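Q: Each chain is listed here by its residues.
There are 2 protein chains.
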Amino acid sequence: MHTLHGHSFIAGKLTSDSPKTFHAKSPLDGGELLPAFHEASAEDVDHAVRHAEDAFEIYRRIGDVARADLLDAIANKIVGLGDILIQRAHLESGLPLDRITGERARTCGQLKSFAALIREGSWVDARIDHAIPDRSPVPKPDLRRMRVPLGPIVVMGASNFPLAFSTAGGDTASALAAGCTVIMKAHGSHPGTAELVATAIYRALEKCGLPAGVFSMLHGAGSVVAQALVKHPMVRGLGFTGSERAGRALFDAAAARPEPIPVFAEMGSLNPVFLLPSALKERTAAIAAGLKVSFTMGVGQFCTKPGLVLALGGPDFDAFAEQFRTQVQSTMPATMLNRSICDSFFAGVDKVQAVKGVTVLAESNLDADSAKTQGEPVAFTTDAETFILHHELREEIFGPYTLLVSARTVTELIAAARCLAGQLTATIHADGADLADFTDLISVIERRAGRVVLNAFPTGVEVCPSMQHGGPYPASTDARFTSVGSAAIERWVRPASWQGFPQDALPPELRDDNPRGILRTVNGVQTR
Amino acid sequence: MHTLHGHSFIAGKLTSDSPKTFHAKSPLDGGELLPAFHEASAEDVDHAVRHAEDAFEIYRRIGDVARADLLDAIANKIVGLGDILIQRAHLESGLPLDRITGERARTCGQLKSFAALIREGSWVDARIDHAIPDRSPVPKPDLRRMRVPLGPIVVMGASNFPLAFSTAGGDTASALAAGCTVIMKAHGSHPGTAELVATAIYRALEKCGLPAGVFSMLHGAGSVVAQALVKHPMVRGLGFTGSERAGRALFDAAAARPEPIPVFAEMGSLNPVFLLPSALKERTAAIAAGLKVSFTMGVGQFCTKPGLVLALGGPDFDAFAEQFRTQVQSTMPATMLNRSICDSFFAGVDKVQAVKGVTVLAESNLDADSAKTQGEPVAFTTDAETFILHHELREEIFGPYTLLVSARTVTELIAAARCLAGQLTATIHADGADLADFTDLISVIERRAGRVVLNAFPTGVEVCPSMQHGGPYPASTDARFTSVGSAAIERWVRPASWQGFPQDALPPELRDDNPRGILRTVNGVQTR
Chain A
1 MHTLHGHSFI
11 AGKLTSDSPK
21 TFHAKSPLDG
31 GELLPAFHEA
41 SAEDVDHAVR
51 HAEDAFEIYR
61 RIGDVARADL
71 LDAIANKIVG
81 LGDILIQRAH
91 LESGLPLDRI
101 TGERARTCGQ
111 LKSFAALIRE
121 GSWVDARIDH
131 AIPDRSPVPK
141 PDLRRMRVPL
151 GPIVVMGASN
161 FPLAFSTAGG
171 DTASALAAGC
181 TVIMKAHGSH
191 PGTAELVATA
201 IYRALEKCGL
211 PAGVFSMLHG
221 AGSVVAQALV
231 KHPMVRGLGF
241 TGSERAGRAL
251 FDAAAARPEP
261 IPVFAEMGSL
271 NPVFLLPSAL
281 KERTAAIAAG
291 LKVSFTMGVG
301 QFCTKPGLVL
311 ALGGPDFDAF
321 AEQFRTQVQS
331 TMPATMLNRS
341 ICDSFFAGVD
351 KVQAVKGVTV
361 LAESNLDADS
371 AKTQGEPVAF
381 TTDAETFILH
391 HELREEIFGP
401 YTLLVSARTV
411 TELIAAARCL
421 AGQLTATIHA
431 DGADLADFTD
441 LISVIERRAG
451 RVVLNAFPTG
461 VEVCPSMQHG
471 GPYPASTDAR
481 FTSVGSAAIE
491 RWVRPASWQG
501 FPQDALPPEL
511 RDDNPRGILR
521 TVNGVQTR
Chain B
1 MHTLHGHSFI
11 AGKLTSDSPK
21 TFHAKSPLDG
31 GELLPAFHEA
41 SAEDVDHAVR
51 HAEDAFEIYR
61 RIGDVARADL
71 LDAIANKIVG
81 LGDILIQRAH
91 LESGLPLDRI
101 TGERARTCGQ
111 LKSFAALIRE
121 GSWVDARIDH
131 AIPDRSPVPK
141 PDLRRMRVPL
151 GPIVVMGASN
161 FPLAFSTAGG
171 DTASALAAGC
181 TVIMKAHGSH
191 PGTAELVATA
201 IYRALEKCGL
211 PAGVFSMLHG
221 AGSVVAQALV
231 KHPMVRGLGF
241 TGSERAGRAL
251 FDAAAARPEP
261 IPVFAEMGSL
271 NPVFLLPSAL
281 KERTAAIAAG
291 LKVSFTMGVG
301 QFCTKPGLVL
311 ALGGPDFDAF
321 AEQFRTQVQS
331 TMPATMLNRS
341 ICDSFFAGVD
351 KVQAVKGVTV
361 LAESNLDADS
371 AKTQGEPVAF
381 TTDAETFILH
391 HELREEIFGP
401 YTLLVSARTV
411 TELIAAARCL
421 AGQLTATIHA
431 DGADLADFTD
441 LISVIERRAG
451 RVVLNAFPTG
461 VEVCPSMQHG
471 GPYPASTDAR
481 FTSVGSAAIE
491 RWVRPASWQG
501 FPQDALPPEL
511 RDDNPRGILR
521 TVNGVQTR
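Listed in order, the protein sequences are those of chains A and B. The working numbering applies: residue 1 is where the first sequence begins, and numbers increase by one. The working numbering applies: residue 1 is where the second sequence begins, and numbers increase by one.
Looking at chain A on its own, in the form it has when it is part of the complex:
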């Protein structure tokens, strides 16, 4: 087996031993995993960022094609790590082997899709306005504009995606695609997985003849390393997926800097599901079964897990609740990502259960095994009045939990929807005249969600140009961007204009002969 060393990587070099170490613990059995991991020091943070800044001066100029080659090479080197990666990620995260294997495919797919995006090249949004020297009253200058990378970017590993949103995940892939260099903060739950993937990235950088400073990976179990990174004056942006509390702390630190920087924190979401009357009546069993799969998938540890279901009360709702109850009861407990997430899940469930007017609808027939860090599917039910009164019912509980809310009237249903904060997703089940009958409700929903799903479930986030994964606060700190899909690259760039430059001093994307053959806006008209 590959021997892990437990050190951070700064521009490809291992950091020296540090007095502070930590071990990953396998949630599968609670056991400590070897080796000890050395936490990065403040000096390590500074070195990593300075290397990223130096490397940026080279990396930002190599062009999209060379960057695409790097992304493809990273994908290949990750696959080249073989089964050792799958095994370690499984041990560290408790996620099943097939899930990890699928996530590796997604990770490589993301890398290759960003490679394809930048190899094609039109993503830079090139705009050219030719000069009109004899325009009256003043001549029009030659002006050209395209996206340029921001600089060194910090990426924080996510607990629930040890591959797809960690070391070489979507944030890293999109930042490298944009021409930024990356300093990665590995998640404390899966440092070994991070080390392996970082090794693959360095192999790819070497293969492509690029400076190792393009990428660094730092360990740190708490928030000290993250805070030092977000405050470093040379850092120009940060990507994060995790809790609202941690995300907001990073956002606040970034906003308080002498020069504020953008923070893209994808945080909590209830992902409400609205069951409209005809759909509830016509598809009772299918919706109950679908909801069960969606809220327990990945042991409820997806940011798009539906944690809230709202409908009008009555016989159809009761029939639905009954079928859903049976579904939940037959669902097994399963290992969660780590002890802290598991404890938070049960604490959250206890908090909801303590609210007067909330009752347990269903729980798994089997009890969770604490030694295996298991969470146990559970569903509660309450009425809209109680839901509106108690803000604690509107806090995300990460894990296999959901809450069914029945409203007495449409007005009450809309009032419940109105008290929702921003959401990554909102789902509507509607048949027949439902959509036409509930336009006011749908309007309230649209204002609050990044993605609105009809007659399906929110889990399963497609990686494609029309995906929006990011919603009004607190779903994310910046609803104007997405963290999934090709548009995720837009987080790491700013537009720059060149005025009056000769052809040979312009980037290729802005030259009249369009050597890259990209789609551009020339004098207001889109053309290749």
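The set of hints was computed from the structure by calculation and includes no laboratory data. Incorrect hints may have been included.
Since copy identity is lost for identical chains, a pair holds within one copy or between any two.
Computed list of lysine to any residue pairs in SDA-like fashion (alpha-carbon distance at most 25 Å, straight line) [as the list claims (entries may be wrong)]:
(1) Lys112 / Val525
(2) Lys140 / Pro507
(3) Lys140 / Gly460
(4) Lys281 / Ala505
(5) Lys231 / Ala246
(6) Lys112 / Ala131
(7) Lys140 / Glu446
(8) Lys207 / Glu32
(9) Lys140 / Glu32
(10) Lys140 / Leu435
Nothing here was measured: the structure is a model prediction, and the numbers come from that model.
Using the hints provided, position chain B relative to the given structure of chain A.
A: This is chain B only, laid out in the frame that chain A set:
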């Protein structure tokens, strides 16, 4: 003459008298202008925002074509105000009549260009990915994405553009184009101009049959009204042009909200001009003349005024400085926008003059007339070592001031460039081999500027798709957006996705038959 009433407009209705009033003062003679203007109360702020929120529910659905009609109507109603508007803006701002007339044309041009942009419709960046129901291992859903408006937006009037960046200026025009409603905070220097333009906006709203709540305009001489607006929970974004201190205060307030909102503050900039050796030698007189025009245009009160000129020292630089000196001496003092700006200008000049190693190169042969709120063109000179040592030489001085800095070596010139913060613009004068010889310097410049200008001057901001007016902090609070040009509309939107919706429940922009004929990305390919 049109009789001004001096009240704020909330959804078209005048606010009642308030105990706090202020008068505009004409900088032309220091005289108080009638009438008294009533400052908006906290209650007025709340009412205006609630009307904007209510109106948003209607306005966001009327479609781009109806919104384009509104923008065109506003432009026509502004022209319809006639000479009274020109006169009042002249009295309040001290800007010459022909400048105000030109600015009115620019204001109407901006409104019409945003109207044209949204009438064409492709700006929504529509993306469609069709379903693949039989995809393995999981079916691909039908997913569609486009830009949607954020909600009620606050626009702050700018001192230096009483028309083009105030009541119906670029921020208002782009926000209305995007589908947002607007609460405008009039600048305390030109409240009468604001009242007149607001009247034109209401006439246009009435003509178009749209709710008056789409627009409100509040008076307030200090920062109280602005702070109340940026903290209001229903406000979803803010646009500002002005000083770094005021812009940062708004940014900080917005970031500290329970739900942070974007603030687009376009703030200070030195707009450095680099004179490279061949250009300095070959075009000494032309550069001296051009620089004089640029730094004194509009009495130096443009955000793109070149306040800093850097070059290698030596005989060519000395010859240039001498020619520039003559140019400055023959330039007349002129009336500045208001007493506060005039006082700040002279205070800033005094601060620079007090720095050891800085000397006066030239000042106007005529003294400024304080009764006419005049500023007097002045240029200083220093060496790069002094410039690098003294951060006060890197603060913007708004007005007809500039500083010439001579470096002994290329290394010193680059070091001086490196200590610059973010800039709206950076200008390079380069002939012959200059560009090739100074690639390191140009690289440093590119990192720091939103727009790089070659062999011209930064004043004169073209309104077109390839304009980038916004640079790294503190040039603006968000370098990823522009406040001038068609892309300014992107500040007021977020992307939203619809998954699995039937054709008749989708916005027209996302329907398969593309009724608006816009350019869209369908299954990854751009097509109409």
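Q: Mind listing which of the numbered hints don't hold for this structure, in increasing order?
A: 8, 9
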